[in-house]
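Undergrad: Next come the chains, spelled out residue by residue.
Protein chains: 2
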Amino acid sequence: MIKKISFIGSGNVASVFAEKFSSVNIDVINIISRNQKTGKELAQKVNAKYYKSIRKLDECDMIFICTNDDNIVKISEELPDVLVAHTSGNTSISSIKGKKRKAVIYPIQSLSKNEKVSFNEIPFCIEASDLETKAKIHELLSKISKNIHTINSSERKLIHMSAVIVSNFSNFCYIMGYEILKEKNISFDLLKPLIQHTAEKNLNREPKKNLTGPAARKDFKTIKEHLALIDNKNYKKIYKIISKTIIDKYEK
Amino acid sequence: MIKKISFIGSGNVASVFAEKFSSVNIDVINIISRNQKTGKELAQKVNAKYYKSIRKLDECDMIFICTNDDNIVKISEELPDVLVAHTSGNTSISSIKGKKRKAVIYPIQSLSKNEKVSFNEIPFCIEASDLETKAKIHELLSKISKNIHTINSSERKLIHMSAVIVSNFSNFCYIMGYEILKEKNISFDLLKPLIQHTAEKNLNREPKKNLTGPAARKDFKTIKEHLALIDNKNYKKIYKIISKTIIDKYEK
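Same order as they appear, the protein sequences are chains A and B.
Residues in the first sequence are numbered from 85 upward in steps of one, following this note's numbering.
Residues in the second sequence are numbered from 85 upward in steps of one, following this note's numbering.
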């Protein structure tokens, strides 16, 4: 059973995980971070020891690498041969080097230090080097979530990409709407009930069935008028290609 | 005071409005619709008379045109000279022809017959030909919403366009995510908490501050890997132009 864990990193993912595990009586032993300020802060919160260098690591059952994707290979090479996991959606489990037991624990949610999310609802993708490790990971995670899925590295990459599309790209749609209105001093508040309702509809019904608007009904006149209203060149391109894709897609 | 109203149209907007007004004791006199089936159904629900032809209209204080945008001019020409309103976001008030008193009542929400939305939260944009008409419209609407805004035709067009972008386009992002996962038999349920959380974050904080992901952090390696994973040519274009726009926008 995994009882003592340590973290490399003190950013959003490390912070959210460390605090959550600490709250369910898993001992957080070390926080290792190049950033002394956030590293020390997090260590204090979870009653762990902060070190700047990996070489100082104390004994533990498992180490989480919660750094930029690009650093995972290098950091894993420097770690002792205990169970090592990373939390990246787009990084293969094989990026963890020279360990007998490895795992990936990827939360499908954008985690942020200063924001509460309901942990029980976060879907977790897990992958492990062997069945025994998988069982251990599953047991550990089940203390914080009821929504655990075994997903291999190539599936996880697709999930990560889809997450970028449904989350970051829809967020960018909100940014475009915000800016178009702001230029004319119109409040973004007017769009908030619509944003919320659009997201909610897709929780209960296949997204295709919820699509409305000028492109879905091939209302070329409105599309043309909208395009004439958009000044920003890139926003115009985005409006055009999404509308065109919808029109082509639902052509009869 | 407006006490007796009639509707041209029996689609989603006409249905939702007629039922809502009827529920607050406004008399719905006529439902006029080329579609006999939905016209009669709606008339029965709100205890109104159904006619196929506009020429049969009974006396009333106000007529709502809830048809396709393209038909507003022609229909308004055939109506008697009472207060006439349309409900279109993208159509000028001047499309209502030959009436002394005209108005626009545009709800910023996608309304659907078979779906409950909380009316009190729907923002309504109103515009009227004169102050007296505006006061009457406001009084009528205040029976069903507390969120009423005076918005002229050119502002309303911008709001309508922004609504298309934040709602239809984000919905299309959900469609892309759904399809990419479906092709590999991965459940869209995995993305639902993220979709909901992304929308909710933007209710409380300016959208720009909520943007995360590979483009926002200029992670070109991940963007390249994602592009290599997308088969659909149009989806690839959409991924590229949105990422490029984000990268250009937040260039430092």
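Just so you know, these hints were derived from the structure itself, not from any lab.
Hints are not guaranteed to be accurate.
Copies of the same chain look alike in the list, so a pair counts if it works inside one copy or between any two.
Pairs of lysine-lysine, BS3-like flavour, derived with a Cα cap of 25 Å [as the list claims (entries may be wrong)]:
#1 Lys133 / Lys266
#2 Lys321 / Lys266
#3 Lys333 / Lys181
#4 Lys121 / Lys268
#5 Lys285 / Lys124
#6 Lys320 / Lys129
#7 Lys308 / Lys328
#8 Lys320 / Lys268
#9 Lys276 / Lys87
No experiment lies behind these values; they were computed from the predicted model shown.
Undergrad: If any of the earlier hints don't hold here, list their numbers in rising order.
TA: As far as the earlier hints go, 1, 3, 4, 5, 6, 9 are violated by this structure, in ascending order.
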